[in-house]
Structures are given as structure tokens and as C-alpha cells.
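Chains as they are written, first to last, in my numbering: chain C, 1 to 350; chain L, 1001 to 1350.
It should be emphasised that the hints constitute simulated quantities derived from the structure, not laboratory data. Even for Gly, the Cβ is constructed at its ideal location relative to N, Cα and C. Hints may be right or wrong, so weigh each one.
To be verified - Rough simulated footprint, nothing fancy, chain C against chain L, three-plus residues with beta-carbon under 8 angstroms:
hint	stretch
1	1115 to 1126
2	1134 to 1144
3	1251 to 1259
There are 2 protein chains.
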Amino acid sequence: MQGTVEDVDVPSASDVLRRCRELVRPALVDAVGRLHPWTGEMAAYSLGWSDTAGTPEPGGSEGKGVRQALALLGAEAVGADAACAVPGAVAVELVHTFSLLHDDVMDADALRRRRPAVWKAYGTGPAVLAGDALLARAVTGLAETPGHHAAAVRRLCDALNDLVAGQAEDLRFEHRPWDGPGAVGPEEYRSMAEGKTGALLGCALALGAVLGGAPEPTVAALDRAGRHLGLAFQAVDDILGIWGDPATTGKPVHADLHRGKKTHPVLAALAGGSRAARELGTLLASARPTDAAAERVASLVEEAGGRAATRGEARRHLDAARDALRATPLTRTAARELDVLFAGLADRVM
Amino acid sequence: MQGTVEDVDVPSASDVLRRCRELVRPALVDAVGRLHPWTGEMAAYSLGWSDTAGTPEPGGSEGKGVRQALALLGAEAVGADAACAVPGAVAVELVHTFSLLHDDVMDADALRRRRPAVWKAYGTGPAVLAGDALLARAVTGLAETPGHHAAAVRRLCDALNDLVAGQAEDLRFEHRPWDGPGAVGPEEYRSMAEGKTGALLGCALALGAVLGGAPEPTVAALDRAGRHLGLAFQAVDDILGIWGDPATTGKPVHADLHRGKKTHPVLAALAGGSRAARELGTLLASARPTDAAAERVASLVEEAGGRAATRGEARRHLDAARDALRATPLTRTAARELDVLFAGLADRVM
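Use the sequences and the hints to build the structure in full.
This is how it looks when you write it as C-alpha cells:
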């Protein structure tokens, strides 16, 4: 996947992510420190900084910090100093954490990064409250940033609305049939995934560019690149949601199948029309899969070409994301690091 | 309570509220219409516009719209047209609705305005999502308002942070003892109530003034008036939470007592030191009250002077709110309407 980047002095994706996390960390710690101590404790747990007793867990279950990195690289890519994008990086990271907390409540996901989800560890009410606190703090931090904050706040708000609408679609899809006139179509799936996953990744890059003082066409191009990256990312996530190793994903095996999630591999498999697709349709129509049936569903999805189709979808959106970057005048170093980062994120399943 | 307003041509509190609701309604309907249809349906239910089937219920369970009225009157009080404050009115009304949705989840309150709470009618996950959508839409609407939006967005964000912190305190207080060194003190109670109830009422008035172009000292005075109003309001709510008629409050009798809520009447009663206070302390220390015991707790709180003390607290804050208004140069008509509105809100228990 890294074939287009030949230079030996380009850092790896994890180098890039680490550098960005280190730059953002003090401001992120400060933002969490401004929360009510109780919601701050839940936020620190959720960010992987501490355990449920509030004891620091250095490096334990911290996220990669993709969104904060995109914000900093967005600024560097338009020739600005990464420092100016730190408020944007903090905002997108807090919004991401908010969405994980609330999504885990809505999806009844008990595990997150191999640890109990916040609602499991602290209770549903407290998890809802901590998410609210993170969301309020995210917008506040950006609204208090001097300079281009009005455009930045509007960008973040747009992403928030898209994110919530995408989550609404995702939940509604669970009640839709697998087949027939009420089935979820490819365009509906795409719109859901772009809202749920693409909007905030696009916003992260765009916020960096806005805070870096870039003109609107550049901001829009970076937003588009991030949205395509999000669609690639969601496709990868859908693959991992069926075939991922629980030791790596930190989630139970076949979780998406048990919940009847309308994921890309299953929708693509059903659309194929093969014998495996028909058997899959019958199996899914009967009931939510038991453990044994989920195993069979996963096999049929693979046999009917669902996994390959989703891998293709991920690759297409990754290519579109990289094309959007290449078509935009960006500084060389940041553009390369973005390219490495984009490739690294999709590498997980290819 | 309306003794200070003698003029016969001053409208009643319900006239004022009705006029403001009519002015804000189109923009509020538009804001809800921009939500994802599913979250929009839950928002419309929550606002009392429709039932769970989405069928319109005109005038059914609509709230009074105190916050939207305060926003419009805040603008009129500084000599501006109410129309300029409509985006602020919509924002505070949406934030209020968001907070009702999420608070009912956190407090496990099954009833709201005599109907099932959103989480009871639609499920916990959907209620969390609808709250998120309302919050995102509230900030977005204000961020998109031309003119003074940066200051307005910052005001709303500050209120949001206070609101969430107040709710955090309220939930934490439930786990604190009634007596001894860990008991909730008067200052802690006040800070919780100001955050939970005062911040958004203050923000509503302040937003109206900001959008009306008022200078900072006027904005700050209106914010202060609204915060005192909120403290009066919370005291009234605490009284209704113990002695309110379920037919009027739309909530079960003694709800706050059953949940061990640290409300003003109980805290004030315990602080009294009378025989009734000591018996109350013993009773509360033993366990959460059953129905019969809750009846006895309510009697003891009254006997120990808790109800009278809280009525006094409400009156003091109402006076402070009116004093803050009188000390500020405001237009005569709007100042009178605010006075009527303030008095009307406290009238519920006095």
C-alpha cells in the first residue's frame, strides 16, 4: 500500500501519529482538566489515560489519535505551523470521544479498546453526561480560539450534525429488512457511512486548513479527502466487524452480525445474486444469527464476494482521498505524511 | 406577588409567553425540520407538538417556553427588535429540550409533562441520539447567525458547560450522605442549582441582549438576573418535587425523596437542628424511603421548617433577580414584562 511513497526519509504512519499526539497532548489534558472532575475522570478513562479508579495507565488503551493528526497535518499542508491547529485537533478528538461514549450506549457495545465501555464501567447516565460534557467542551474550546474561529466553529457544527445524522441512519438501518423494497441501498449506506465516519475526518483536515488560513477551495478539497478516507475507514471497520480478531479489534467476534448491522460486506454479498447470496438471504431473513449461524453467515458473505467487494470499496475511496490531496496545492512534507497516514489506516485489512 | 406592577395595561405572564412562542415558532419549526427525520420526530414529541406516532397534538404538552421568551425580552429590553433574538431563542429552547431528554435518561424519570419521557417512548439510545442532535442543531443555528455570533456562541457554550457541570453535581450529590462531614453544604447546593437551572436562564436573557447589540455590563446584569431567577425556579421545583400535585407537575409524588435527591427543603430542614430535624436525619440515614416513609419524610421536612426556608430562598433570589433588572438601564415595556414573567414563575408555590 505504500508503493507510491519511495523516499526513505518519510516517517512511518505511527511516527506521524506519535509526533502529533505529543504536540496536542498538553492542550488536550488542559481541556479535560476544565471538565467537572467526575466527567473529567470518565473522559480520562475513555481516552485511555487512566483506569476506572482514576489511576494513570500510561500508553494503556490510548487511541491512535488519527483525527488530531489530520488537523495538524491539515495546517502544515497549507504552509501553517501545526501549533495553530491545536485547538482544532483538541476539538475533533473530544468530539470523537463524545461519539464513542454515546455510540457505545446506543449500540449496547460493552467493550471498547479491550476495556469495558464507559457506560459499562460507570453506568449509562454518567456515560451520557460525560459525552455531553466532552461535546460542550469541544465547541467551547474552538469558540474561544482567537482568529478564524467563526468559520472553524461552523465547520465543526456541520460535522456534528452529519455525525449525528449518520448515527441515526445506522440505528434505523438495523430495523430495515435485508431484502426487498425496504432494503438499504448502496447510496443510503454510503450516506450513512460518510456522516458517521467521514464527516469528522473531513472536518479534522478542513479545520487544520481553516485555522492555518487556507482559502476555501483548499479547505473544501481537504474536507473531501477526509470524507473519502472515512468511507475507506468504515469499509475496513465493516470487514473487521465480521472477520477481525477480537484480540486486535478489542470487540467480540461477529458483533455486527449478531446485531443485524447493515454493513457493506453483507449488503454487497446479497446484491451479488449467486447461490451463496440466496442462501445468505434466507439465513438472514429467518432470525438474528446465533454463534454457529454467525459463523455460517460470515462464510457465505465471503463466498458471495462481500469481503472482496468491501476491500475494493475501501481501496476506491482511499484512492479518491489521495487523488483529492494530489489535486490540491499542498506543502510537500505534509502531503507525504498524509499519504503515509492514509495508506497506513487502510493497511489494516489489505 | 404581582404587587409591584400596578398598571392595568401590562399583559399577564401567559400573554407574554404566548406572544414570544408565536414569534419564535416558525424558526423553531425550521430548526427541528433540519434534523434527521427520526431525531426530528423525537424532538417534535419532546416539544409537545406531536404524539409518538408523529400525529400533531396542538397545544397538548407544549412547554411554556420561558427560555425563548427571556431571549426575546432580553433584546427588547436593550431597545432592539425581538426578531434579532430569534436565533438565540431557538438555541436556548433546543438546549433546554436536549437537557430534558438526557436528564430524564440520567434520572430514570419515566414521565415528563404527563407523558412518557422520550427514553420511555422511543428507547434510551434513541433519546440520547435525539438529545445530541438537538444540541448540535442549537449551536449550529447560532453559529450561522450573521452579526454578533462569536460572542453569542461563546455565551451559549459557557452556559452548556455550566449546565452539564450542574447536572454532574446533582447526580454526585445522590451518593453523598445526608449528614456528617460528607454532607452537601448550602454553597455546594447553590452552585449545583445555578449550573443546572440558572445558567441557561441567564444565557437566554444575555443572548437576547448580545444579539440586540447591548454593551457588556448590560449583558452581564441580565445574565445575573437570569441566574437568580434560575435559583428561585429550582427552589420552587424542589418544593413541587416533594409537595407538588402529580396532576399539575406531571411527575410521580415524592419522586425526589425516593431517589435521595439532595433538594433544598430537605437540606434546610436537616440544618435546623430541631427534634423533627433529628428524626428526619435518622429516617433518611436508614434507607431510601418507601411510599409510607416518604409521606413521613415530607411531614418532617415541613415540620422542621424546610418548606418555609425554601420558599424564603425562592423569594430572596426572585428579589435579587428583579433588583438586577431594576439596576440596569432597560426599556420600560420590556422591563415590565420581565417583571411580570419573573413573578409569574415563582407564583406557582407562593
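Quiz item: Hint numbers the structure violates, sorted upward?
Solution: 3
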